[in-house]
Each structure stands twice: as C-alpha cells, then as structure tokens.
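In the order they appear, the protein sequences are chains A, B, C, D, E, F and G.
Once you know that position 91 of the first sequence is 91 in the numbering used here, the rest is easy, because the numbers rise by one and skip nothing.
Once you know that position 58 of the second sequence is 58 in the numbering used here, the rest is easy, because the numbers rise by one and skip nothing.
Once you know that position 8 of the third sequence is 8 in the numbering used here, the rest is easy, because the numbers rise by one and skip nothing.
Once you know that position 187 of the fourth sequence is 187 in the numbering used here, the rest is easy, because the numbers rise by one and skip nothing.
Once you know that position 51 of the fifth sequence is 51 in the numbering used here, the rest is easy, because the numbers rise by one and skip nothing.
Once you know that position 127 of the sixth sequence is 127 in the numbering used here, the rest is easy, because the numbers rise by one and skip nothing.
Once you know that position 512 of the seventh sequence is 512 in the numbering used here, the rest is easy, because the numbers rise by one and skip nothing.
Be a bit skeptical, because a hint or two may be false.
[Said to hold, decoys possible] Pairs of lysine to any residue residues, derived as SDA-like cross-links and limited to a Cα-Cα distance of at most 20 Å, are as follows: (1) B:Lys138 <-> G:Leu696; (2) C:Lys26 <-> A:Val23; (3) G:Lys700 <-> E:Gly99; (4) A:Lys116 <-> F:Phe105; (5) D:Lys352 <-> G:Pro790; (6) F:Lys153 <-> F:Leu98; (7) B:Lys138 <-> B:Thr59; (8) D:Lys153 <-> E:Gly99; (9) F:Lys73 <-> F:Gln165; (10) G:Lys748 <-> B:Thr59; (11) C:Lys26 <-> A:Pro33; (12) D:Lys354 <-> G:Gln572; (13) A:Lys106 <-> F:Lys99; (14) D:Lys354 <-> G:Glu575; (15) D:Lys153 <-> G:Pro790; (16) G:Lys155 <-> D:Gly360; (17) A:Lys116 <-> F:Gly139; (18) D:Lys153 <-> G:Lys748; (19) F:Lys73 <-> A:Val23; (20) B:Lys91 <-> B:Ile116; (21) G:Lys748 <-> E:Ser60; (22) G:Lys748 <-> B:Phe98; (23) A:Lys106 <-> F:Leu98; (24) G:Lys789 <-> E:Ser60; (25) G:Lys461 <-> G:Gly375; (26) A:Lys106 <-> F:Asp150; (27) G:Lys789 <-> D:Arg102; (28) G:Lys292 <-> G:Arg548.
To be clear, the hints were calculated from the coordinates, so they are not data collected in a lab.
For clarity, every value in this text was computed on a predicted model and none was experimentally measured.
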Amino acid sequence: MNADTAVEYVAAILMVTGGVMSVVSAIGLIRLPDVYTRSHAATKSSTLAVLLTLLGAFLYFWAVERFIGVRLLLGIVFVFLTAPVAGHVIIRAAHRSGVKLSGISKGDELAEAREKFRQEKESRSEG
Amino acid sequence: MKENDVILRTVTRVVVFIILTFGVELFLSGHHNPGGGFVGGLVLSSALVLLYVVFDIETVHQGVPFDFRKIAAFGAMVSLLSGTAAAVLGKPFLSQGFGYFDLPIFGLTELATVTIFEAGVALTVIGTVVTIILSISKDV
Amino acid sequence: MVEILMLISLVLFSFTIVISVYRIIKGPTEPDRVIALDMIGVNLLASIAVVSCILLTKAFMEVILILGILSFIGTIAFSKYIERGIIVERRHSR
Amino acid sequence: MNNVLVLPMLIPLLTGFVLFFLRPSIRAQKMISILSLLSLVAVSVRILLIIRGEGIIRLDFGGWEPPFGILFVGDSFSALMVLTASVVSALIIAYSFTATERRMENMFFYPFAFFLVAGVNGSFLTGDMFNLFVCFEVMLLASYVLITLGGGKVRLAESMKYIAINVVSSWFFLVALAFLYGTVGTLNMAHISVRVAEVGQGPLLSAISVVFLIVFALKAGLFLYFWLPGSYSSPPGPIAALFAALLTKVGVYALFRTFTLMFYHDEFIIMTIIGTMAVVTLIGGCLGAIAYTDIRQIASYNVIIAVGFMMIGLAIFNEEAFKGSVFYLIHDMVIKALLFLIVGAMVYLTGKTKITGMSGLIRNYPVLGWLLFLTTLGLAGVPPLSGFIGKMYIGLGAVEGGNYFLLFAGFASSLVVLYSMLRIFMNCFWGETIINREDQRPYPARRLIPIALLGILTVGIGVGAQALEPFVSDAARVMANPGLYIDAVLGEVES
Amino acid sequence: MEFHMTILVGILVTVAVYLLLSRNMVRIILGTAILSHAVHLLLITMGGAGEGKVPLLRESDGPYADALPQALILTAIVISFATTALLLVLAYRTYEESGSDNMNTIRRIDRE
Amino acid sequence: MNKFAGDGGFGATAAQFLLNLFIAFLWMLLLDEDEFRATTFAAGFIVGIFIVFFMHRFFGTQFYLRRLFAIIKLIFIFNRELVKSSLSVIGQILSPQLKIRPGIFRYDTILESDVEVTMLSLLLTLTPGSVVMEVTEDGQGLYIHAMDLDTSKEALISQLKNFEQAIMEVTR
Amino acid sequence: MYAVFIIFLPFIMAALLPATHRLIGDRLIGWYVMAVPLVLFAALIRLIPQIAGGEIVSASYAWIPDAGIDLAVRVDGLGMIFALLITGVGTLVALYSIYYLSPRESLGHFYVYLLLFMGAMLGVVFSDNLMLLYTFWELTSISSFLLIAFWYHRKGSRYGAQKAMLITVMGGFSLLAGFLMLYFMSGTFSISEIIGMRDVLAGEPMIVPAMFLILLGAFTKSVQFPFHIWLPDAMEAPTPVSAYLHSATMVKAGIYLVALFTPLFGGMEYWFWSLSIAGIVTLLWGAFNAMKQNDLKALLAYSTISQLGLIMSLLGFGSAALSASAAGDPAVYAAAGFAALFYMLNHSTFKGLLFMVIGIVDHEIGTRDIRRLGGLMSFMPVTFTFAVIGSFSMAGLPPFNGFLSKEMFFGAAVDIASGQPFAGGAEVLFPVVGWLASVFTFIYCTIIVYRTFLGPVQPEKIDRVPHEAPKGMLVAPGILAVLVILIFFFPNVIGKYVIGPAMQVMFPALSREADLVPEITAWHGVNLPLVMTFGVIALGLLLFITFRHWRRIYRVAPFRWTMDSIYRGLLQTGEAASTIVTDLYMTGRSRDYFVFIYLFFLITAGGMLFLTGAFEPDFSRGPVGIFEISFVIIMAFAAIAMLFVRSRITATLLNGVLGYSVAIFFVFFRAPDLALTQTVIETVTTVLFLLCFHFLPEWKPEDSPLRTKVVNGLIAIGAGVLVTAFGLTVQGYDVYGSISVYFEESYKLAGGSNIVNAILGDFRAFDTMLEVVVLFIAGIGVYTLIALKPKKGEDDVEGK
Ligand code: NA
Ligand code: NA
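For reference, chain A alone in the conformation it holds in the complex (with noise of 0.2 Å):
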C-alpha cells in the first residue's frame, strides 16, 4: 500500500466520518424538540460533515490526480462563513416571529428583554 492509497483511504473515511455526523445532526434534527435546539444540530451538518467530506475529496484529488481543488477549499471557507449566519438568521427570525421555546428549556432572558422593551415604550407612548 503506497502513499497515495493511503491518501485515498484517509479521504474516504472523512467522508464516511461526515456522513455519519450528518446522520447524527439528522438524528437531532428527529429528536430535539425545539426549533432552536434544532438548528444546533443542523449548524452541525453544515459545519463538520462539510468540513470532512470536502476535505476528503481534496485529499482524494490530490492523491488521485495531483489536483489542487481549490473550489473544495473555497467551499469550505464558505460554508465556514455562511452556515453560521444562516442558523443566526433563521432561529432569530424564529424569535422574532414568536416561535416558543420548547417546555423543557430553562429560561428566555431574550423574551425578558423584549417585553421589557414593549412595556417601556408603551409608557413612553402613554407619558
């Protein structure tokens, strides 16, 4: 076994390792009760099977072919970049647009603020 299938097993196990982590974020996605734990486990998705598997096919193209895949490294910081803005935006989105934390959680003190915030103004409103 020479190097480069080395290489190439190595690949294929990130990518292998990523599947599994998306299957667990897909586990969490069944499981989690709240869209906001939720998002915890898609972010997951996003962020560590991404990172395996484009890191895999990097390798694997390296070994195969001597390629450099640039794009898959563009990918990955992409995703970097973006996935987590994106669950940023959606669960505040979900806040804003009055989704409930699920039974189980423990406290909102961003609810907390925001009714405070109302009240103020409507007294700033009313004065």
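Position chains B, C, D, E, F and G with the ligands against the provided structure of chain A, taking the given hints into account.
Relative to chain A, chains B, C, D, E, F and G with the ligands alone:
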C-alpha cells in the same frame, strides 16, 4: 427592542465579493469549463440579490447606481449586434471567430468573439433579474 | 473499497436529506422547514463532492461552491420572509 | 448564405431595443418604427423574389451546416407568411400610433409589439424544431406582456388563464421535443423528415406527432381553442388585432409544416384526427359566434372558425387544398387585423361592447361602417375579396379528394360567419341612430387610414390574386413534395 | 437509471397536473414549476442519460454524455424562469385588482 | 454618507488596493493552475480592478493579512473548541433520553468593532451547542441560545472568553 | 371589349356617382343614373341583328389565369334576353324612381346600389367563366341586401335584407361547390368549354351532385319552394327595387342559370324532375299564399314566387327535348323552353307594371293594405287602367301578353302529360296543378283590382286625400302597359329576334329553327288550353266571390307551419342552443380548460400510443446506484407531499427541494452547466415566490367536491402514466444515433472545450440570442405590469 444586523451585514460584505469574483470567473471560463454567460450573469445577479435582501434598495442603489433595465437592454443588443457583425463582414449571421493572440500581460491568450456574445448574455441576465426583483420590491 | 466507503457516505447523506424532507413536510414551524432546506443544500453539496470523487471529475467543483452560496442566499431570504413577510425593503426600517 | 433571411426577425428585434432606449421621445419611437416597418416589408418582398429566382434558400447560423446548427429556411410558404405578417403588423402598429394611450406608449408598447412580430417571423422562418420552440417563446412572452399591459381586473384574469394555458402548451412542446430527440436524435426539420421517412413513421413516431399536434393545436386554436375568446376579446383594439392576425396563424403554419414536411405518413392522424378537430372547431366557433352579443367575442369566435377552415385544407391533404390554405392564411391575417381594429374602434367610440348597446352608427361613422361591411363579405369568402380564392382552392381540393363532408362543413361555416357578422353590422351600424351628431365622438381620419389600407388590401389580394399565385403554388408544391424542402436543406444527404 | 427517471417524471407530472387543476393561483404556478422540472428531467433522460463522460474535452477523452440535450435544457430552464417570473407577478397583480386568488371565480362575467 | 463603509481607520485607497490583491489571489486559486504564474496574477488583478470599480462604493472593510499568525492561532483554538463541543452535543443527541435544558442567555462581550463581534458570533455559532440569536443595538450584548444550560453554560462562557482573546489578537 | 364595357359601365358610373352627385345635385342625379341602362339598352339593341344571326360576341382577358379565372365575357342569345330585361326594365325603374323617391332620401346610396346591381346582373348573364359568374352572382345578392335595407332604421327592412342575403348566399355557396365539381371534372372554368364537353361529362359520377348543387343555387335565387321565403320579406325595399330586382331581374338569375346549363344537364332525368316538381310546387304554393295576403306588395311577392315556379317548371318540361332516351318529339318539348322564356319576358312587363301601380298607390295613399283601400278608381283613373292591364295580363286574359304565355304553359303541361318523356307517371299531375294554380292566380288578380280600385272608399282608414299620381311617375308604367298590349299583338317579333337566338343556345342539339321558334298565335282554335282558360275564369270568379267562406283553410295546421316559421325558429333556437352549448364548456375556469387539454392528450396521444401497438416499453433498468434511487424517492416523496401541505411556504420549500434535486440529477447525468444554472435559477425563483407572497393571501385548502377531486386525480395520474409510458417506449426505440457526436469536435470547430457552451455560444447561438430576448421581455414585462396600473374604477372597455 432595537435590532442589530451586524453579523449578517458584516459577513455579507465579504461574501458578496467572493460571489462576484466567482461569477466573473464562471463567466470567463465557460469556454473550456462549466460556466459561461448565463451562469456567470446569474451568479453575479444573485450577489446583488443577496445585497438587496440583506441591505435595502436605497442603500444598494447608492453603491450600485445603475439602471438595470438599460443594462438588460444593452446586453441583449450586444448579443444581437455581435451576430450582426459577422453578417456585415460577409459571413453567416452569428458566425463566431476565435484565435490565439500574444498579449502583453496575459501571454498567449485565446480570444473569441463568443466572449462578446456571452458578455451580452451575462449583462441581460443581470439586468433582467435585478429589474424583476426591484420592480416587485418597489411595489410594496 | 474506497468506492464502497464513498457510496456508504452517499447513502448516509441521502438519509439525512430524507429526514430533512420529512422535517420540511412536518414542520411544525416555518423556521424548522427552512433549517431543513438549508440542511438539504449543505448535504447535497457534500454529496456532490463525493460523487465527483467517484466519477473522478473536476467538473462539479463549481456546483459545490454555487450550492453553498445559494443555499445561504435562500436561507437568508426565507428567514427575512418569516420575520417580516417582505424580503427586500425600499429602505431599512428599524 | 443568405443573411437577408435573418432580417425579418432581426429588424424587429433591434428596433425593439432601440425603441426601448428611446423611451423619452415617443416621436422618435414612431419615426424609427415606421422606418423599420417599411424596411421589414421591403426585406420580405426581397426574400420572396430571391426565392422565386433561386428556389428555396437557407441561412445557416454561424455557418454550421445542417443538421448540426440552427438555420432559417426561406421557401415560398414561409416567405409569404413573413411578408403578410410584416405588412399586417406594419399597418396595425401604424394604427396604434394614433390609438394608443400615452401611458402605454411610455411602457414600451412599441418594443413589445416589435418583439411579437420578431417571434412570429422567426417561427415562420426557422428550420429547426427547438428553435421553433424558442421563437414561439419570444412571441408568447411578448404576447403575455401585451395582453396584460395596463389591464384591469377582467383583462388580468383573462391574461392569467392565457398565460397558464400557454405555459402548459409550451410544456407539451418540450415533452414532444424530448420524445422526438429520443427517437430520431435530431432537431433539424428536414433531417427529421428524412429519418422519419426512412422508418416509415411507424406507430411510435405517429404517437409523438400527436403530441406535437396538441401543442400546435393549442397555439392555433384548433379544437383546443377555449382559451382564445377570453384572451382575444379583452385587450384593446391594436393588441387584439395583432393577436388575431398573427398568433393563431403561427400555430396553423406550424401544423402545416409538421404534417406536410415531417409527419406526413399517417393518414389516420391527418385525415381523421385533424379532420375531426377541424370540423369540431368550425362547429364550436360557429356556435360561439352566434351565441354571444359582445362584438369582441363574436370577432374572436370568427378567429376560431377561420382556423377550422384552414385546417380543413390540411385534412384534405392535396396540393389544391394546401394552396387554398395558404391563400386563406394570407387572407385571414389581413382580414382579422381589419376586423379587430374595427371592433376596437367601435368599442372606443361607443364605450359599449354589445351589439344591443349600439345602433345606427353608420350615420355617424359611415366609412367605418362600410369597412365593416367589406370585412363581413371578406370573411364570408365573397369574391373578389381576399377570402374567396383560398376558399375556392380548399373547395377544389375537397372535391378532388372526395372530402364532401369537409367541403360542406367549410362552406356552411362561411354562412354562419356571414350571419354572425351581419348581426354586428345590422345591429350596430344600421337601425335608429342613437348618438346625435353633436354628441358623437370624432373618429380621427388618421386612424381610419390604416384600417382603410387593410380594407384595400383585402380587396387587392382578392382581385390581384394572380400576383400571389406563383408563390402560393410554389408553397403548395413544396408542401406536397417535401423532398424539395429536404434537398434544399440537406442537399443529397443521407440520413 | 432511465427507467427510474421516467417513472419519476411520471410522478412529477401527476403532481404537477393535479396542482394545475386546483383553483388557487399559487398552486397553479407551482404546478407549472414542477412541470418544468419534469420536462427537463425528461429531456435529459430521453437524450440517453447517465452514459459517457462529462462533456468537457479537457477532462477526458470521451465518449461523452450527449451535450445537445444539455444545451437545450439550459435554454428551457431560462425560458421557464422568465415565464414563471411573469406569471407570479401577474398573479399578485390580478389578486390586487380582483381581490381573489381563485382562478375559478375571477372569470369574466360577460353575459347578462 | 455611505452606509457600506466599514468602521474607518484605513484610507479608502489602501483598503481598495488590499481587496484588489485579495481578488487577484482568489483568481489565481480559482484558475487551478499547477504553478504560480505572474500573468495569471496580473489577470486576476485586472479582474479585481473591474470588480472593485464596480463595487467601489461598498468599500471599506478591513483585512489584516499581516496578522496571519494570529489567525492561525484563532483557527487552532476554534478547531479545538469545535471538536470538544461537537462531541458533547453528539452525546446529547444520541443519549437514550434527552436530558438537555436549553435556553437563551445574555452575554456582554468586551469586543467593540463590528468585525470583532461578527467573528465572535460566527465562531460561537459554528461550534455546536450554541447559536447567537440577537446582538443588541450597541453591539455589546449577545443573546445566545445554548443547547444545555445546566451542564455547559460555564464551558460556553469560557469558550467565549477564549475566542474574544484570540480575536483581539488578530484585530488589534 | 364591347361586352366588357357593357358590364363595367354601371360600375364605373357608380364609382363616379358620388362626385357627380355633388356636382349636379339631387334633382338631376336620377337622370344621370337612368342614362346608364338606356345607353346600354340601345347598345344591346344594336347587337340584336348580329346575335339573331347566330353570332356570338365574346372577349376574354386574363384575370387570375393560374387559377383558370378569366374575365371571359360572352354575349349570346340567352344572355341577350336577360340583358334586355335588365337594361330595359332598369331604365324604366330608374325613371320611375326619379319621381318615387323623395329628395330627402339618401339618393346617392340608392343609386349606387342600383347601378351595382345592374352591373352585377349584366355580369351574371354575360360571364363565360364560372368563377366570374359566381362573383357577379354574389354581388347581386349583396346589392339586393343593401337595397332591401335601404330604409335601414326599420326593423323589418333589416330582417328582410338579412333573410334574403342568408338564403341567397347559402345558395351561392352551393353553386360554388357545384362549379368546383364541374371544374374538377372538366379542368376548366370556361362555361362554353364545359358545355361543349357535355358528352364527356355525362359519364362522370360527380355530375349528379354538381347538378343538384347548382340547382340549389338557382332555386334559392329564383325563390323556388322551399327557399321562396325570403321574397315576401324583401318587399320592405322601396317599390322600384321590388319591381326591378324582386320581380323582373334578380330573381330570374336562377332561371338564367338553369337555362344556361340546360345544354349540359338537359336530358338528365334528375334535372327534368327537379325542375318540374320544384316549379310546379312553387307555382301552386305561391299562388295559394298570394290569395290570403292583405299587403298588396306581399301579394305580388307571392305571385312572383308562383310565376317563377311556373317558368322553372317550363324549363324542366323543355329539358326533356335534350334527352336521347325520352319518348316523344323533342321539338314539342322544346316549345316548353320557348314558353319559359316568353313567359319570363311577359312576366317582367306585367309584374313590373303592377309593382309600379302598387308603388303609386302606396306613394299617394300611404298604405298598401287592401283592408284600408277601395274605390280608388275614380280618383286615379290612369293608375286604375294600368292595374287592370297588368292584372288581367297576369291572370292570363286577352288581349294581353299574359294570355299568350299562359296558353303556352297549359299547352306544354299537357304535352308533357301526354308525352310522358321519362315515363314517371307523375307528369299527369302537372297540367292539373298548373290549372289549379291558374285559378288561384285569377283570384288574386281580381283581388288586386277589386279590393283596391272598386268597392267603397274608406277615408277613415287612410291618412291622405286620394289623387292621381304625378305625370312623370306614370310614364314608366305607361310604357310597360303599352308593351303588355303590344306583345299580345306582335309576339312573333320577339319570338324570332329575341327568344329564337336564346333557344339556339339552350337547345344546341336541335338545329332546325322551326323546331325552336314556334309561331305564336292568339287564336289557335278551341283546344284544351283554351278550355282550361275558360275553366280558370269560371272557377276563379266563383271562388273569388266565396273567398270569405273558404278563407279558413289558411288556418289549417299544415299551412301555418310555413317555411318562414321554420326559418325563424331555426335562428332563434340556433341562438339559444348555441348559448347553452357554448356556456356549457366555455366556463371561464382554468381548471376546466386544463381538464380538456389533458383529456385530449390522454385520448389522442394515449390512444395513438396504446391502440396502434406503439407501446413497447423498455424495462431494462440499466446500471443504477442506490444513491440515485434514493434521490428518485426523495423527489417523489417531496412532490407528492406538495399535494397535502397546508401552507404555501412549505410548498415553496418543497419546490426548492425538487429544484435542488433536479440539480443533483444533472450532476449524475454529467451536466455541470445544467446543475449550475438549475441551482441558481431555483434559488432566484424561490426568492421571487417569497417576494410575491407578500402580495398574495395564504392559500386555503382546496374545498372542491370529492367528485371534482377524483376527476382531477384521475386525469393527473393519467397524464403521469402516459408520459411515463411514452418515455419508456422512446427509450426502447433505438434506430438512430444523435447528431451530437459532431459537437464533440467543438474544440477544433469552435475553439471551446466545453461542448455544452460551444453549442450554446456557437452551434446554436441563435437559440441563446433569442433566449436572452425572452428573458429581457419577461423582465421588462414584470416592470410594466407593476408600473402601469389602471386607475381606480377604470374598466376594461377601450378608451380614455
Ligand atoms: Na396563440
Ligand atoms: Na416551461
């Protein structure tokens, strides 16, 4: 409660440049790789769409003060006229030519009239997509 | 063997996608669905990377990047829609 | 190489874009439009003459030999269609100069009209099935915009249906193309013809041709015409006239091309299916033309009747009948433009749409009234007006082919046409005059000129049919002998 | 592969047609969108899908997948996008004017 | 005033030049050539001029290429945190019974600029188990949704501190 | 040239009329018009010697030679008779009109129509080309339409005009079809050539349908039962028009046509029976109905119908002369043809006279209702004299020309009955029915005279004081009255110089002039015809006196179910049925329209696929990975779910899933460009959906009835199955390879190594160019759709 879009906006500023560069690259590399005028134009316009979604029309307009309807028309005309050029030269309408030229900076480069054609395509795509989005958004 | 591993990873990805489709249908809230779509996009992206390795072609590198870009734009748009019902504003109103 | 062949499509396209940039100056738009329309007509005539001199000509775009590239093929049939479409649209657009609201002119009315013409001319000229689809789309998109332009509730609702149905028909087109490509593996019409002929069409290819039949029948308003009355009767006069004159004709043209050039082997489809569809269309159109009192509806159902009539020519399937249909197509473009412009003018002048709401208009608008009467006679195929010669040849073809039932149906429909049109004429123009001369809305002479020119044209085509005869005969000859077309496109090429 | 694709196309067509037959404008538009998906898949399937290499000459020496249907689909995609855009805007304009998104009640009343 | 302009500090010209270089570099990467070619870089630079010209009004975001080392360190810290928290979340998801207590809490950061806050939020969000939900108007308060407040709030806060430190090394 | 000039002079003068009218004014315009037929009449008279000498004046100019349509004109004896009628009566009618029409009427229109008609009629009788003839034939219908509706503000005028037009044009279409058949058999439109091919054509199977179609044309124009119904309503026209078109000339166009084609069809049994029976029935029915009319013009209309039937039957009798197989002497039968032409001439004189008389009554008294008239004799002695002359002539009494022709009719009918040329047996009825009709004729002639001019005056029922007509108005009827008497005394001049040449045309096979031109004598001894005439008078007087008592017969059901009520009912029920049927499927619902489209697809395309044996599915699965399968499942799953989701956002998301999945299939299918484009387009489309959702309400569940849903479902499934079946069959079809191998040379040919892009940018750049245009149109279309909103409350009717 006052809101703050700092994360989204900061990232968007960066991401838009990546998209734009990628779009131009797609446009130019279509001759030999996947890409071309359509996809290039589409990607470029999707960058603009992102800007419009994240910021707002007026802000983006300050940054990109173009009349996209005219860009679209101009692009389409470029495509049409690039075909006409061949006809004027006595070749069948829409004949494309290509050749290899030794340019000062770029070295031996393949230049093809199809690039002009595709540029027209790309401009039309950008102009049209943005026109559609803006028209609807301004209707609120 | 390498290919089999890759196929396995593909199957895993598609499993996730199936689950995500289920989540889109089930909801219950709209953000849930959007998250699921985002997940589909990302998993597709990963799948294409694997497919590229299996087919041993570089032709789909652009697609990978594009998918990343566009699933991002899509998610932002959906989020804004859920939040405000309007995704492009004439002037930012906050 | 005949670059002139692209001009009937290129001129209107370029004009459309130039007019787009000239938005601020309506005057300049009109000037350019006129120049462009004149050159369009000139080019069309030139093409026709070249074809007479050199036979069928073609333009391979980009210089790519058929069947690999796209090409425009000019034979007498397509060139005649292009010429007529150009002349008619020139007159309609000239009419609209005087009859279009300022706000519509500002909203690119003229560019869209030119795009429509471009799509129509392209559809006539193309020799490639997929390019036909694309040309259709140019035409359709322009029509989508024109039909909605400035419309209110009713018009938008009708547009919605019109577009939805056309989207579905475009879908069928693509489906048919997929099957076609999957079987014969080519898109060039002549090449398709060669390949289809080589295997003798066969049941599968016949079935595929039926899918094409659905597509073009939808476009032409053959049997599947229910979308037509609503959408043709809601837009303002000039737009309705453009639609009525051009759109369905493109479908009719495509049907003829498809079933004379490519899928001409299956008698059952041509005689039985198309024949039945044509007759049902005639009947349905006749019933509709009698059923309603809205003049725009009556006019729209007349469009349907004409489609049925022309398709009889295809179902009969001999050279005489083809000749008749070509003549009738030319006639129908002219007369439908005339009809819809007059109907539009009537609605404009009275603010009413029903025959029961108008009366005695001939006192107020004698020229308009007599033009409508002329139109009535022309529609009924009374000699020596334009409709006659086509009707005569279709009749001759029917006699020759022994299709007496089709002959009967066609001629009977002419009677209903006459009846439905007389209803308009007699109820609206005759009877007690209800508008005082003082209260009447003036109808400007400059609007009358294009209408009158169309009227003269309908007389001219009939009386001067000899001028068209050689071209029409040639068109019919090519339809009856697809080999001529194939040789011109592919040379002596094997499949 | 072609077999499965064809079945899939059939399913998509079924769903799309069912949506077309509904009264809500958005459903109808979605129906047309799915119709487009279906026909694009059909086109590429009929062009002999899944055979050959990616049609990039620099990538491999062939035999290549049939590039022609790909080009056709590209055109079709753009056209169906254009149509969908127009249809969507028309839908909401119609709703604005008529106050209904029901395609069966906005029909014209043209007879007494 | 241009709203796209970042928070200043640099002259616009310098910033544009920087960005242009960045694009040229990106270009080179995208072209996937086997070796470095000056011509390619120049071509990228020209493309960059085009883009920067096109978008020059947006300009003003800062890039600190020279703090490469700080960045590498940040990446390292991030990867460590990523693995740590991933494992903990995987554990939570796969445990037979869900025993998590999610919730939203406020964290006030010491970071100031938009870029800093953004970077912090990105890093935090990327690591599983925590998502930034809202940034207060003054940019100081972060509302964070955590997967399990009971067991990991402390870990999260220390993670935040780590990130803040590393970010500041990069940006200041 | 001469003949062409004759046809076109009226048209030229009509074209010049508006200008002339302005120049010379209302008072003189009538004279200008009258000059036209007068000049033509003179010109024709000048031709008579030539024509009578057997010469034929003809000319031919190319019009649409490729279609065989020539401006071929031929003046022969047959055309001459009619042309003399047209110009002669035309002159008198024009003269009469000058006094009849008030200058307040729109004289310009009237005279233009009249000249148009005159030219058209001359065209009909002089054309030697079927299509030319047909052209003029239709033009007569049209000018008649315009003349009937001259007072177009009257409902009755419009109704009458429309009815006449519809029926005659229907006949015209039939005529056209017949002509086309003749062309198909003979290869020419030239009438003289076709007639020359009699023997060849006789063997063609299509000759019989052609004959019937031509007859239908002739019958509608010449008001043969049951197409006679338009004539009474045509009486809404001004009386000069009725006199001219609807008794003297236009209605005789059918007679002309039958005479014209007698040399071709004459001798055929069908021809004989059709003409004879139609004529006899029309004769009886017209006369029967004439008696009950209260309106004098209506009475004349029915009388015209009746007499045209008589002429038609005579032509039928005469045609037997041309049969090779008919029993009896051809010359005897040919006499019937002679009688037809003679009767036709006479009819024009006395009927024209009577119309003018009625016109005078109407003009001076203000009514033509016999219930309001009576006793006018003392006020209008000249008019009364004319009325007596015309009526008695029509009744067949001497010393008027009507007597001669009536006798000849009886004679011909008797000859046919005794000769039995085709041994049908029914011939015996002809003289009987003819005689009965003559009795009726006698009665209504008496009615005209008695009820109008004799008896008591009823001043309370009329608005004006009765007085004689102005002298000018009496000139034209006076000339006719003189002719009625003159012809009685000198019939043979006409027989020799006018009818004789026509007979040669009609019966070319019979060459001896003696056979063709019988000597007409007023007194030919006591023979059966004379006896019959006495019978007519006796029974006629009896019945006239007892008319009040048997009038009830008209209320017997079969007589009330007139053709007229059938026509009326046909139009009414036609309209109602059309509305019902059309409303049934033109629902305005897009759903129904889609159902029609897909049903049509299922039936035709499905039928073609499954019933012709085309369906040969290729079930070979080919290599397929689990991953592909899973995406097939995902797409199917997402698609089906779309039918059940409650919110449009979910549906849009699912559509996104579908779009992205399509993209991944493009990856599987080695289509990177497609995958790229699809991904971007899908996202932009989704954004568009979201943008537009702002303006649209959330969708409601489809609450259509279960039945509708089931139908929808079945159609949808059918469509899906059919597309699949098609697809599977197409896959199995492996005859041809694709042309796209050629494009694999793209680098060499077009300098690009991305084949797809080389196709898009070069091989098929034209598609791409147009696609750009499509996109542009859509973009600007969206803009206009939004920017150009109608103002509030603006409806869709054109105008500002
Ligand atoms: Na159409
Ligand atoms: Na489509």
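Results of checking the hints against the structure:
1. B:Lys138 <-> G:Leu696: 16 Å, holds
2. C:Lys26 <-> A:Val23: 18 Å, holds
3. G:Lys700 <-> E:Gly99: 14 Å, holds
4. A:Lys116 <-> F:Phe105: At roughly 15 Å apart (the allowed maximum being 20 Å), F:Phe105 and A:Lys116 satisfy the hint.
5. D:Lys352 <-> G:Pro790: 19 Å, holds
6. F:Lys153 <-> F:Leu98: 17 Å, holds
7. B:Lys138 <-> B:Thr59: Roughly 14 Å separates the two Cα atoms, so the pair holds.
8. D:Lys153 <-> E:Gly99: Holds. D:Lys153 to E:Gly99 sits at ~9 Å (cutoff 20 Å).
9. F:Lys73 <-> F:Gln165: The given pair, whose Cα atoms are some 11 Å apart, holds under the 20 Å limit.
10. G:Lys748 <-> B:Thr59: At roughly 48 Å apart (the allowed maximum being 20 Å), B:Thr59 and G:Lys748 break the hint.
11. C:Lys26 <-> A:Pro33: 13 Å, holds
12. D:Lys354 <-> G:Gln572: 18 Å, holds
13. A:Lys106 <-> F:Lys99: 12 Å, holds
14. D:Lys354 <-> G:Glu575: 15 Å, holds
15. D:Lys153 <-> G:Pro790: 9 Å, holds
16. G:Lys155 <-> D:Gly360: 12 Å, holds
17. A:Lys116 <-> F:Gly139: Roughly 19 Å separates the two Cα atoms, so the pair holds.
18. D:Lys153 <-> G:Lys748: Distance of about 56 Å is beyond 20 Å: violated.
19. F:Lys73 <-> A:Val23: Distance of about 31 Å is beyond 20 Å: violated.
20. B:Lys91 <-> B:Ile116: 17 Å, holds
21. G:Lys748 <-> E:Ser60: Distance of about 16 Å is within 20 Å: holds.
22. G:Lys748 <-> B:Phe98: 11 Å, holds
23. A:Lys106 <-> F:Leu98: Judged against 20 Å, a Cα distance of about 14 Å means the pair holds.
24. G:Lys789 <-> E:Ser60: 55 Å, violated
25. G:Lys461 <-> G:Gly375: 13 Å, holds
26. A:Lys106 <-> F:Asp150: Cα-Cα ~8 Å, so holds.
27. G:Lys789 <-> D:Arg102: It holds: about 13 Å lies between the C-alpha atoms, which stays within 20 Å.
28. G:Lys292 <-> G:Arg548: 10 Å, holds
Hints 10, 18, 19 and 24 from the list above are not met by this structure, while the remaining hints are.
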